[in-house]
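Protein chains: 2
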Amino acid sequence: MDAQEFKEAANATIDDIITYFDTLGSRNVVSTVEPGYLRKLLPDEAPQEGEPWAAIHKDMEAKIMPGITHWNHPSFHAFFPCASSYPSILGELYSAALTTAAFNWICSPAVTELETIVLDWLAKTLGLPACFLSTGPTRGGGVIQGSASEAVLTAMVAARDKYLRETVAAAGEGGLTEEEREERVMVKRSRMVALATTLTHSSAKKAALILGCRFRAIRVREEDGYALTREGLAAELAACRAQGLEPFFLAATLGTTDVCSVDDFEGISAALADHVPPGAPGEVWVHVDAAYAGAALVCPEVQESTRIGLVSRFHSFDMNMHKWLLVNFDASCFFVRNREWLVQALSVNQAVYGNKASDGGLVTDYREWQIPLGRRFRSLKIWFVLRSYGVKGLQEHIRRTIKMGEGFAEALRGRSDLFEIVAGPSFALTVFRLAAKSEGASLEERNAQTKALYEKVNATGKMWLTSTELDGRFAIRLMTAVRTTETEHIKTAVKTLVEIAEEVLRG
Amino acid sequence: MDAQEFKEAANATIDDIITYFDTLGSRNVVSTVEPGYLRKLLPDEAPQEGEPWAAIHKDMEAKIMPGITHWNHPSFHAFFPCASSYPSILGELYSAALTTAAFNWICSPAVTELETIVLDWLAKTLGLPACFLSTGPTRGGGVIQGSASEAVLTAMVAARDKYLRETVAAAGEGGLTEEEREERVMVKRSRMVALATTLTHSSAKKAALILGCRFRAIRVREEDGYALTREGLAAELAACRAQGLEPFFLAATLGTTDVCSVDDFEGISAALADHVPPGAPGEVWVHVDAAYAGAALVCPEVQESTRIGLVSRFHSFDMNMHKWLLVNFDASCFFVRNREWLVQALSVNQAVYGNKASDGGLVTDYREWQIPLGRRFRSLKIWFVLRSYGVKGLQEHIRRTIKMGEGFAEALRGRSDLFEIVAGPSFALTVFRLAAKSEGASLEERNAQTKALYEKVNATGKMWLTSTELDGRFAIRLMTAVRTTETEHIKTAVKTLVEIAEEVLRG
Numbered sequence: 000m001d002a003q004e005f006k007e008a009a010n011a012t013i014d015d016i017i018t019y020f021d022t023l024g025s026r027n028v029v030s031t032v033e034p035g036y037l038r039k040l041l042p043d044e045a046p047q048e049g050e051p052w053a054a055i056h057k058d059m060e061a062k063i064m065p066g067i068t069h070w071n072h073p074s075f076h077a078f079f080p081c082a083s084s085y086p087s088i089l090g091e092l093y094s095a096a097l098t099t100a101a102f103n104w105i106c107s108p109a110v111t112e113l114e115t116i117v118l119d120w121l122a123k124t125l126g127l128p129a130c131f132l133s134t135g136p137t138r139g140g141g142v143i144q145g146s147a148s149e150a151v152l153t154a155m156v157a158a159r160d161k162y163l164r165e166t167v168a169a170a171g172e173g174g175l176t177e178e179e180r181e182e183r184v185m186v187k188r189s190r191m192v193a194l195a196t197t198l199t200h201s202s203a204k205k206a207a208l209i210l211g212c213r214f215r216a217i218r219v220r221e222e223d224g225y226a227l228t229r230e231g232l233a234a235e236l237a238a239c240r241a242q243g244l245e246p247f248f249l250a251a252t253l254g255t256t257d258v259c260s261v262d263d264f265e266g267i268s269a270a271l272a273d274h275v276p277p278g279a280p281g282e283v284w285v286h287v288d289a290a291y292a293g294a295a296l297v298c299p300e301v302q303e304s305t306r307i308g309l310v311s312r313f314h315s316f317d318m319n320m321h322k323w324l325l326v327n328f329d330a331s332c333f334f335v336r337n338r339e340w341l342v343q344a345l346s347v348n349q350a351v352y353g354n355k356a357s358d359g360g361l362v363t364d365y366r367e368w369q370i371p372l373g374r375r376f377r378s379l380k381i382w383f384v385l386r387s388y389g390v391k392g393l394q395e396h397i398r399r400t401i402k403m404g405e406g407f408a409e410a411l412r413g414r415s416d417l418f419e420i421v422a423g424p425s426f427a428l429t430v431f432r433l434a435a436k437s438e439g440a441s442l443e444e445r446n447a448q449t450k451a452l453y454e455k456v457n458a459t460g461k462m463w464l465t466s467t468e469l470d471g472r473f474a475i476r477l478m479t480a481v482r483t484t485e486t487e488h489i490k491t492a493v494k495t496l497v498e499i500a501e502e503v504l505r506g
Numbered sequence: 000m001d002a003q004e005f006k007e008a009a010n011a012t013i014d015d016i017i018t019y020f021d022t023l024g025s026r027n028v029v030s031t032v033e034p035g036y037l038r039k040l041l042p043d044e045a046p047q048e049g050e051p052w053a054a055i056h057k058d059m060e061a062k063i064m065p066g067i068t069h070w071n072h073p074s075f076h077a078f079f080p081c082a083s084s085y086p087s088i089l090g091e092l093y094s095a096a097l098t099t100a101a102f103n104w105i106c107s108p109a110v111t112e113l114e115t116i117v118l119d120w121l122a123k124t125l126g127l128p129a130c131f132l133s134t135g136p137t138r139g140g141g142v143i144q145g146s147a148s149e150a151v152l153t154a155m156v157a158a159r160d161k162y163l164r165e166t167v168a169a170a171g172e173g174g175l176t177e178e179e180r181e182e183r184v185m186v187k188r189s190r191m192v193a194l195a196t197t198l199t200h201s202s203a204k205k206a207a208l209i210l211g212c213r214f215r216a217i218r219v220r221e222e223d224g225y226a227l228t229r230e231g232l233a234a235e236l237a238a239c240r241a242q243g244l245e246p247f248f249l250a251a252t253l254g255t256t257d258v259c260s261v262d263d264f265e266g267i268s269a270a271l272a273d274h275v276p277p278g279a280p281g282e283v284w285v286h287v288d289a290a291y292a293g294a295a296l297v298c299p300e301v302q303e304s305t306r307i308g309l310v311s312r313f314h315s316f317d318m319n320m321h322k323w324l325l326v327n328f329d330a331s332c333f334f335v336r337n338r339e340w341l342v343q344a345l346s347v348n349q350a351v352y353g354n355k356a357s358d359g360g361l362v363t364d365y366r367e368w369q370i371p372l373g374r375r376f377r378s379l380k381i382w383f384v385l386r387s388y389g390v391k392g393l394q395e396h397i398r399r400t401i402k403m404g405e406g407f408a409e410a411l412r413g414r415s416d417l418f419e420i421v422a423g424p425s426f427a428l429t430v431f432r433l434a435a436k437s438e439g440a441s442l443e444e445r446n447a448q449t450k451a452l453y454e455k456v457n458a459t460g461k462m463w464l465t466s467t468e469l470d471g472r473f474a475i476r477l478m479t480a481v482r483t484t485e486t487e488h489i490k491t492a493v494k495t496l497v498e499i500a501e502e503v504l505r506g
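The listed protein sequences correspond, in order, to chains D and A.
Residue numbers are given in numbering that gives the first Met the number 0: position 85 of the first sequence equals residue 84, and the series is strictly consecutive.
Residue numbers are given in numbering that gives the first Met the number 0: position 155 of the second sequence equals residue 154, and the series is strictly consecutive.
Over the 12 angstroms line for every Cβ pair with chain D, so calculated as not near, a few chain A residues:
no., residue
1, E230
2, A272
3, D273
4, H274
5, V275
6, P277
7, G278
8, S311
9, E339
10, K436
11, E438
12, R505
Derived EDC-like pairs: lysine to aspartate or glutamate, alpha-carbon spacing no greater than 20 angstroms straight-line:
no., chain 1, residue 1, chain 2, residue 2
13, A, K187, D, E179
14, D, K436, D, E502
15, A, K355, D, E454
16, A, K187, D, E178
17, D, K204, A, E178
18, D, K391, D, E303
19, A, K6, D, D15
20, D, K187, A, E178
21, D, K204, A, E177
22, A, K6, D, D21
23, A, K204, D, E367
24, D, K187, A, E182
Because the hints were derived from the structure by calculation, they are not lab data.
Beta carbons are placed, not taken as given, at the ideal position from N, Cα and C, and that holds for glycine.
Could you put the whole structure together from the sequences, leaning on the hints where they help?
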């Protein structure tokens, strides 16, 4: 493909993309293909001779599009959003052209420096305390990870390393040999435990699986708003101590996946202070997973209601601009209070990566802040979105979508004969179930009926909902945070839900 | 930014990209900015009001481009390449538009299915044995990872899980409680060790750090062509046994970073068969890291010379299309012989991710094959490149760049008064040092002179080389695998090297 062919193909693709967004609402939200559909449509092997773009392009609409589930469809109410916006797409385009494996500063200084700068911009916009800024008092800073899963894994690895450094003597101290220290570390590791709650995202458990460390999920209760409390954490810490286990990590959440609950930051820090004082050797590392709801912190009223300043007592914080903040997947923004915690845990040297700038210590080499070596130029799309929308534009987007969520919940409340709200509205998420058909309806009956409602609505293809289970109760989640969603789509959703709920309750 | 503004901005960006590639050769390869250059040019905070695209666009050339190191520059001879091509950029563009967090099949069936299909295409093109195909006899298959680092980490996690499953009784067996099994696992883990060589990529050591397991690097020797041999591995296995350690994982390499050496696959499988028979409980998982050189397997003559069919005795294989095979970063193609090894190690459930297709077991949910949850539509760019170039086009690219590497080495050999080849040419990489100035020159003197050559050449800004150290010898690597590099650039490189080598040896 030469430059002229590329120009024509790319301009046509741009037109495709515009048409796609303009007509998105007329497609089914969820793909309806059968498993294995694509294998029937494609050859078994790569072609020997190159093909013209026209042949490839034709296959995009004919073979690929039927298999796409449209995450930016206005009636996508499932999971959390996977954002997209025009400025962000331009960022991806430049990033692809300037392709670089910018693991070290010298590999493309702009990739590293823009990332540090836009993550400072973001931290300020979210109202994070200064300790998470690269220019702050504690050598903190931000780094873009691919996903919140990678962020929690990175945090947990750094936390384990910090804990071992603080609680096991270093080789050399008191004549301790390298081998003796390794044995002590092995014994210590076998007692260490990572904590989370029953509503913490599953990536925390996955991180513990990868580390090969013990994991405990503290049960959170409806009466506490599904938040981890001081009492709940204190009880778990005591239980660990009684069993000779050593908690070294806690995944706290701002906006759980199931119900968008927020853990009690004040209570958590109080319980931990009673366990090991903050800053003392063996303190528990607290990672705040704000993957979805962290986006709402662009609004001062949310900074206030969540008391976000309290996270200065914790160690790391992560939010995904690629969920609710108009940046394409992937852009998980991970902040630490002290970058040395990452570097000490993750720095591995190899002769070929040596260079003057790194050796001089004046630059950041982001490979030491993450699991992979190479990295894409992801800060470009963040920069483009922050500048194109401006902080006010982002605030408007968040407030508008939260308001739609409130409107949706209000509509359900107006039909309490049909629906019962289980949680929310919280951060544009409402969780609900079908009202009981009769007073004495059992849990199983109610679950079956709510499930029937859920499946019938999804079967229409006109909207997509996901479900959850809370203390044995099957419940439906409806999220209103997609950029393209308008009030009319929420009205249609309510109308559809009411019709099908009436049908299920009658049936 | 509305559709019309996007169209104009995107079309202008396409023109920028074409101009960029057309004029790339006239730029300095490596950015010459000083650390901190960009902070001086940008505001301290995100703007409150949105900015027009024109303002952002202007900053791209003025502020970002000076900080770019050009990995697709024809005189980029450092590290390994970070590929780019027009069809691949189109793949990134569509991927950005169709943004999706396709962790489950239903989240966009095309994302999962195209990935499975193109990785089968690729496996066949590379001559991998059928056990690595999704349609093969052993439930194998491929998955795109972000980087070879993530692939080796994923393999190591799966290997540990498999080893523990095979060597520690399951809970319930013989009345073993969950808690008792966990204790046994902890003890076993403290004895397990991951093996690699002194030339294995540092990501293997990093993976072991993340797992928190022991790690041993077996020394490889010049006289063995820097390859791991049967004897070397057998000796390490014996040493581990003598110390009560249990090897569970070996990272073998096809094309080491430093010298592009290839470990002895036949010898490795023989040494392992003497340790634990293949397929028996407690066998050592072998991961083949072919991150860079695996690309050359598109040529039948390389499949033959490397005896690639032997990898059927091993467990996983990884190569990066984003290095030498014209696909933009990131596209690390990871293959396993049995997908259940991944799923059993990495599957973590959460109610919200449940769906009929997954529950029915008819589909692949790639979240169970990787560390992160979400994933981009990366198979598109692979599909576009395989189709646009065709297998023959890829073979031509590999043969052309290998030939340039041979031409370069030949030129150095023609000036044995100035240069000594330390390793290669192998897979378009040549490693060399300056000839001794006098017969009795010490290692230190020779290192200093080679380093002087290296630094003076890089200081010209006209080309970029990286260095390594082999048994204490400082050496220069020169790689000729970038798409835009032509014979004339190699001639210029030789000319520059000769001039500066003469100057250093005279000096």
